[in-house]
Amino acid sequence: MNSELFTLTYGALVTQLCKDYENDEEVNKQLDKMGYNIGVRLIEDFLARSSIGRCQDFRETADVIAKVAFKMYLGVTPSVTNWSPAGDEFSLILENNPLVDFVELPDNHSTLIYSNLLCGVLRGALEMVQMAVDVRFAQDTLRGDNVTEIRMKFIKRIEENLPAGDE
Amino acid sequence: MSSDKFLQDYLHFTFIQSHIYELSRQRPTDRAVSVSVLEGMGFRVGQGLIERLTRDSPSFKDELDIMKFVCKDFWTKVFRRQIDNLRTNHQGTYVLQDNKFALLTQLSSGKQYLDQAPKYLAFSCGVVRGALSNLGLDSVVTAEVSVMPSCKFQVVIQKL
Numbered sequence: 000m001n002s003e004l005f006t007l008t009y010g011a012l013v014t015q016l017c018k019d020y021e022n023d024e025e026v027n028k029q030l031d032k033m034g035y036n037i038g039v040r041l042i043e044d045f046l047a048r049s050s051i052g053r054c055q056d057f058r059e060t061a062d063v064i065a066k067v068a069f070k071m072y073l074g075v076t077p078s079v080t081n082w083s084p085a086g087d088e089f090s091l092i093l094e095n096n097p098l099v100d101f102v103e104l105p106d107n108h109s110t111l112i113y114s115n116l117l118c119g120v121l122r123g124a125l126e127m128v129q130m131a132v133d134v135r136f137a138q139d140t141l142r143g144d145n146v147t148e149i150r151m152k153f154i155k156r157i158e159e160n161l162p163a164g165d166e
Numbered sequence: 000m001s002s003d004k005f006l007q008d009y010l011h012f013t014f015i016q017s018h019i020y021e022l023s024r025q026r027p028t029d030r031a032v033s034v035s036v037l038e039g040m041g042f043r044v045g046q047g048l049i050e051r052l053t054r055d056s057p058s059f060k061d062e063l064d065i066m067k068f069v070c071k072d073f074w075t076k077v078f079r080r081q082i083d084n085l086r087t088n089h090q091g092t093y094v095l096q097d098n099k100f101a102l103l104t105q106l107s108s109g110k111q112y113l114d115q116a117p118k119y120l121a122f123s124c125g126v127v128r129g130a131l132s133n134l135g136l137d138s139v140v141t142a143e144v145s146v147m148p149s150c151k152f153q154v155v156i157q158k159l
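The listed protein sequences derive, respectively, from chains A and B. The first sequence maps to residues 0 to 166 in numbering that gives the first Met the number 0. The second sequence maps to residues 0 to 159 in numbering that gives the first Met the number 0.
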């Protein structure tokens, strides 16, 4: 039931954004932005609760996101697949997306990326641990795909710019 | 605190928080509008929740019976604890007191954010009003906080 409150609240939020903004692209952008703001704060809590240390490589990061973070916050464990040969890009496949229970997209919102908040959360959280990533939905059950697929691409390490002379 | 419990409170809270932030940025002068938007969102959520919760329950015999259901079953499922105290004047006014309201536990318990609380509670008031509305009761729901995180909801049933 808790999760129903959560799912319904998310639904009410997306509905409200659809009323507030004129087109789907703008709503997608807002969801991403809200997610980003959540992510930059969520990471701190995540690190504290999971007591996970620094990841050795992007593969480890992928595993932590799927097996620890998703499990902890959404109660599901996506699978990590479709690695690019260079190892800088992978997919999270969600059999069940808890955000979309009871959801159907109306015909006039065919370009809405309903769960786009998740992309923002991932981007925001990883940015706080010095990783710039590109996150987007590649497949979505709401739009008729069999599974939900989130594609993540590593862009670069963010160097910490400390002011000169500051330790 | 278990993680799923945390998930709900935290994410829920941040949804509302970012929405409040966005709304106040867009309509800086119109605080009433953002509160009513949040109330409206809560209303829809309350309608959806009560529909799922009452699917298998027998029909209610009167207004008080409905209020008791809201205070016990509904509150427990949605906010994870029962209402601590229910009072009524038997003329359609009810005061529901929750001494540790789930959505306020994320705010600091000092006096610092006391004036911010109504914004966070607008959503919850909407949830209660939505639930009652689907059970056939039109109501006006307001909330009042004097000491965090305790909260009093006043429900006034609108007679036709």
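These aren't lab readings, by the way, just hints derived from the structure by calculation. Please note that a few of the clues may not be correct.
[Said to hold, decoys possible] In silico EDC-like pairs for lysine to aspartate or glutamate, Cα to Cα no more than 20 Å straight-line:
id : chain 1 : residue 1 : chain 2 : residue 2
1  : A       : K70       : A       : D23
2  : B       : K71       : A       : E3
3  : B       : K118      : A       : D19
4  : B       : K76       : A       : D100
Being a predicted model, the structure only gives us computed values, none of them experimental.
For each hint, the structure was consulted:
1. Using a Cα cut-off of 20 Å, the hinted pair K70 of chain A and D23 of chain A is violated, with the two alpha carbons roughly 29 Å apart.
2. Between the alpha carbons of K71 of chain B and E3 of chain A the distance comes to roughly 18 Å, so the proposed pair stays at or under 20 Å and holds.
3. Pair hint K118 of chain B plus D19 of chain A holds up; C-alpha atoms about 19 Å apart against a cutoff of 20 Å.
4. Annotation: proposed proximity of K76 of chain B to D100 of chain A holds, straight-line Cα distance about 18 Å (limit 20 Å).
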